[in-house]
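Using the sequences plus the hints, can you model the full thing?
Protein chains in written order, with full-length UniProt numbering: chain A, 1 to 141; chain B, 1 to 141; chain C, 1 to 110; chain D, 1 to 110.
Just so you know, the hints here were simulated from the structure itself, not pulled from any lab data.
There's no promise every hint is true.
To be verified - For lysine-lysine, the following DSSO-like pairs were computed, each having C-alpha atoms within a straight-line distance of at most 30 Å:
id	chain 1	residue 1	chain 2	residue 2
1	C	Lys72	C	Lys10
2	A	Lys60	A	Lys127
3	A	Lys107	C	Lys67
4	B	Lys17	A	Lys138
5	A	Lys17	B	Lys31
6	B	Lys85	A	Lys17
7	D	Lys30	B	Lys60
8	B	Lys107	D	Lys72
9	A	Lys85	B	Lys17
10	A	Lys17	B	Lys40
11	A	Lys40	A	Lys85
12	A	Lys60	B	Lys31
13	D	Lys67	B	Lys60
14	C	Lys30	A	Lys17
15	A	Lys107	A	Lys17
16	A	Lys60	C	Lys67
17	A	Lys138	B	Lys31
18	A	Lys107	C	Lys30
19	C	Lys30	B	Lys31
20	B	Lys107	D	Lys67
21	A	Lys31	B	Lys85
22	B	Lys31	A	Lys31
23	A	Lys40	B	Lys31
24	D	Lys30	B	Lys17
25	B	Lys17	B	Lys85
26	A	Lys17	C	Lys67
27	B	Lys138	B	Lys85
28	B	Lys107	B	Lys127
29	D	Lys30	A	Lys31
30	D	Lys10	B	Lys107
31	B	Lys138	A	Lys17
32	C	Lys10	A	Lys107
Below, each chain spelled out in residue letters.
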Amino acid sequence: MYPSIIQVDVIIPTQTKYLDFIGSIGERIAKELDTYTGDKAALAYQLNLVLTEATANAIKHANDQNQQDIVRVSICLNENVLNIKVYDKGQGFDLNSVPEPDFDNPKEGGMGLFFIRSTMDSVTYTKSDTENVLEIIKNLN
Amino acid sequence: MYPSIIQVDVIIPTQTKYLDFIGSIGERIAKELDTYTGDKAALAYQLNLVLTEATANAIKHANDQNQQDIVRVSICLNENVLNIKVYDKGQGFDLNSVPEPDFDNPKEGGMGLFFIRSTMDSVTYTKSDTENVLEIIKNLN
Amino acid sequence: MNLHIEKINKFNVLNIDDERIDAHNSAELKDYILQMIERGEHHIIVQLQHVRFIDSSGLGALLSGHKNILAKSGRFVLTNIQQQVLTMFEMTRLNRVFEIYDSVNEVTDN
Amino acid sequence: MNLHIEKINKFNVLNIDDERIDAHNSAELKDYILQMIERGEHHIIVQLQHVRFIDSSGLGALLSGHKNILAKSGRFVLTNIQQQVLTMFEMTRLNRVFEIYDSVNEVTDN
Ligand SMILES: Nc1ncnc2c1ncn2[C@@H]1O[C@H](COP(=O)(O)OP(=O)(O)O)[C@@H](O)[C@H]1O
Ligand SMILES: Nc1ncnc2c1ncn2[C@@H]1O[C@H](COP(=O)(O)OP(=O)(O)O)[C@@H](O)[C@H]1O
Numbered sequence: 001m002y003p004s005i006i007q008v009d010v011i012i013p014t015q016t017k018y019l020d021f022i023g024s025i026g027e028r029i030a031k032e033l034d035t036y037t038g039d040k041a042a043l044a045y046q047l048n049l050v051l052t053e054a055t056a057n058a059i060k061h062a063n064d065q066n067q068q069d070i071v072r073v074s075i076c077l078n079e080n081v082l083n084i085k086v087y088d089k090g091q092g093f094d095l096n097s098v099p100e101p102d103f104d105n106p107k108e109g110g111m112g113l114f115f116i117r118s119t120m121d122s123v124t125y126t127k128s129d130t131e132n133v134l135e136i137i138k139n140l141n
Numbered sequence: 001m002y003p004s005i006i007q008v009d010v011i012i013p014t015q016t017k018y019l020d021f022i023g024s025i026g027e028r029i030a031k032e033l034d035t036y037t038g039d040k041a042a043l044a045y046q047l048n049l050v051l052t053e054a055t056a057n058a059i060k061h062a063n064d065q066n067q068q069d070i071v072r073v074s075i076c077l078n079e080n081v082l083n084i085k086v087y088d089k090g091q092g093f094d095l096n097s098v099p100e101p102d103f104d105n106p107k108e109g110g111m112g113l114f115f116i117r118s119t120m121d122s123v124t125y126t127k128s129d130t131e132n133v134l135e136i137i138k139n140l141n
Numbered sequence: 001m002n003l004h005i006e007k008i009n010k011f012n013v014l015n016i017d018d019e020r021i022d023a024h025n026s027a028e029l030k031d032y033i034l035q036m037i038e039r040g041e042h043h044i045i046v047q048l049q050h051v052r053f054i055d056s057s058g059l060g061a062l063l064s065g066h067k068n069i070l071a072k073s074g075r076f077v078l079t080n081i082q083q084q085v086l087t088m089f090e091m092t093r094l095n096r097v098f099e100i101y102d103s104v105n106e107v108t109d110n
Numbered sequence: 001m002n003l004h005i006e007k008i009n010k011f012n013v014l015n016i017d018d019e020r021i022d023a024h025n026s027a028e029l030k031d032y033i034l035q036m037i038e039r040g041e042h043h044i045i046v047q048l049q050h051v052r053f054i055d056s057s058g059l060g061a062l063l064s065g066h067k068n069i070l071a072k073s074g075r076f077v078l079t080n081i082q083q084q085v086l087t088m089f090e091m092t093r094l095n096r097v098f099e100i101y102d103s104v105n106e107v108t109d110n
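Now the structure itself:
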């Protein structure tokens, strides 16, 4: 019996030049979803986007003074569910208090979490003493 | 201070259809080596090849009866050294007793480890009760 | 960031040669556009044919250019947007904010 | 595996349409070639233009075809090999074993 699972854990330095690398892994995973019936090119873009946005936030807002400056990302594909976790060791924030962008009065920032929320099925942020984690879930059927 | 390190750990089912995925991650990592002065396209191919060959062997020779049928691969890029580990839970084998291919009398099999050895700088295989590991090192300068 | 400029009639066409605009190069793009505007170039076309991917910071860089040129009563136009990239504008309704055309000719010929 | 056959003069040209030949599809390629030979097709050109990547099992599949056709006194020719793929033949010295040409025409025109 073959478990239908791919797990990819990535650690990169907190440098924006690695966003392309992280995003491209998401894009590549979309190719493995032979049973996905939706628009695969759109899904590939979304996974690239979500990993890019979440990792960029971890790099920007969560520089850790005491530890190594790294970002850890974990991607787990289970038959029908894709689970993405992006860890940071920063101050953390309250996800629920981040507002939607004001579409009538567009601003240059504040669109990242909006894209994550609108393309994925569930987004949570959990703070802890050691590490915070943004967890993103996409259902694939 | 930024540590120059990328770490990628991948778990896939023991199915050859995932060889492309594993190989493509190796190929993608080659793109991140901005300081590599050698032939980058050749290196990208070699990393794809080495991951493909080693993972194919883990799939072919190392089906584990008791555990989940998965292959674990770990890729670590440090400033000048690329370290690849491919784990299996099979019977294991003696790497040193695997002969070079007979070039005057070519055979259909037995070329995989030859490619790994001739494109990389160091190859070792370590057996243990719990897990065997093929460790491959490539120096990047 | 890889880009090159062409001058067509009164327009300065900024061709983006990178496939990707993200938090790594969007600040540079934003600054580049602001410098064009400061030089007095108030009719800018950003040609996005090669751009396969844009993130929120890339949209932000373009929005910055748009706002600054509007303040000078100029024109800031986007052309040749790939389908997946266009979706990014649609989700944020920025497709209603920007002037968007299929090709550079459509803008410069009129 | 994605492939298609053309008949040019006495040659059966096997065009590989996949970019990759590895342990996932090499057994299928090997069987396909053996079936051609069993059908009496003893002049085979394998056109590798689209193949970006081949592993040891892919070389093995081609070697199997080569050996089986030699036994029938036919010809087994490889064409349009990309540079990185050719390196694989060179490392194993299989470039001396196979008949290799730049293009299909070079074989069929003679
Ligand atoms: N990992 C994080 N750590 C701390 N704060 C964060 C993190 N991710 C997001 N935020 C907060 O949420 C806000 C909205 O994020 P986002 O929608 O990505 O837009 P932007 O990053 O452009 O401000 C940020 O401005 C920041 O205050
Ligand atoms: N992970 C492994 N577990 C057990 N045996 C292995 C493993 N990898 C390689 N071998 C042994 O080494 C031999 C040579 O491997 P290789 O050079 O890759 O060629 P091939 O797989 O075509 O035989 C194999 O035939 C097998 O006996």
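Against the structure, the hints come out as follows:
1. C:Lys72 with C:Lys10: OK: Lys72 of chain C and Lys10 of chain C at ~15 Å, within 30 Å.
2. A:Lys60 with A:Lys127: Distance of about 17 Å is within 30 Å: holds.
3. A:Lys107 with C:Lys67: With Cα atoms ~10 Å apart, Lys107 of chain A and Lys67 of chain C stay inside 30 Å; holds.
4. B:Lys17 with A:Lys138: holds, 23 Å
5. A:Lys17 with B:Lys31: Holds. Lys17 of chain A to Lys31 of chain B sits at ~11 Å (cutoff 30 Å).
6. B:Lys85 with A:Lys17: holds, 25 Å
7. D:Lys30 with B:Lys60: Holds, at roughly 18 Å.
8. B:Lys107 with D:Lys72: holds, 19 Å
9. A:Lys85 with B:Lys17: holds, 25 Å
10. A:Lys17 with B:Lys40: holds, 18 Å
11. A:Lys40 with A:Lys85: It holds: about 21 Å lies between the C-alpha atoms, which stays within 30 Å.
12. A:Lys60 with B:Lys31: With Cα atoms ~24 Å apart, Lys60 of chain A and Lys31 of chain B stay inside 30 Å; holds.
13. D:Lys67 with B:Lys60: holds, 25 Å
14. C:Lys30 with A:Lys17: Status holds; Cα separation ~17 Å.
15. A:Lys107 with A:Lys17: holds, 24 Å
16. A:Lys60 with C:Lys67: Holds, at about 25 Å.
17. A:Lys138 with B:Lys31: Between Lys138 of chain A and Lys31 of chain B the Cα gap is close to 28 Å, so the pair holds against 30 Å.
18. A:Lys107 with C:Lys30: Within the cut-off at roughly 14 Å; holds.
19. C:Lys30 with B:Lys31: Holds, at about 26 Å.
20. B:Lys107 with D:Lys67: This hinted pair holds, its Cα atoms lying about 10 Å apart.
21. A:Lys31 with B:Lys85: holds, 24 Å
22. B:Lys31 with A:Lys31: holds, 20 Å
23. A:Lys40 with B:Lys31: Between Lys40 of chain A and Lys31 of chain B the Cα gap is close to 24 Å, so the pair holds against 30 Å.
24. D:Lys30 with B:Lys17: OK: Lys30 of chain D and Lys17 of chain B at ~17 Å, within 30 Å.
25. B:Lys17 with B:Lys85: With Cα atoms ~20 Å apart, Lys17 of chain B and Lys85 of chain B stay inside 30 Å; holds.
26. A:Lys17 with C:Lys67: holds, 27 Å
27. B:Lys138 with B:Lys85: holds, 12 Å
28. B:Lys107 with B:Lys127: At roughly 28 Å apart (the allowed maximum being 30 Å), Lys127 of chain B and Lys107 of chain B satisfy the hint.
29. D:Lys30 with A:Lys31: Holds, at roughly 26 Å.
30. D:Lys10 with B:Lys107: Satisfied, since the Cα-Cα distance of roughly 28 Å is no more than 30 Å.
31. B:Lys138 with A:Lys17: Status holds; Cα separation ~23 Å.
32. C:Lys10 with A:Lys107: holds, 28 Å
In terms of the numbered hints stated before, the structure departs from none.
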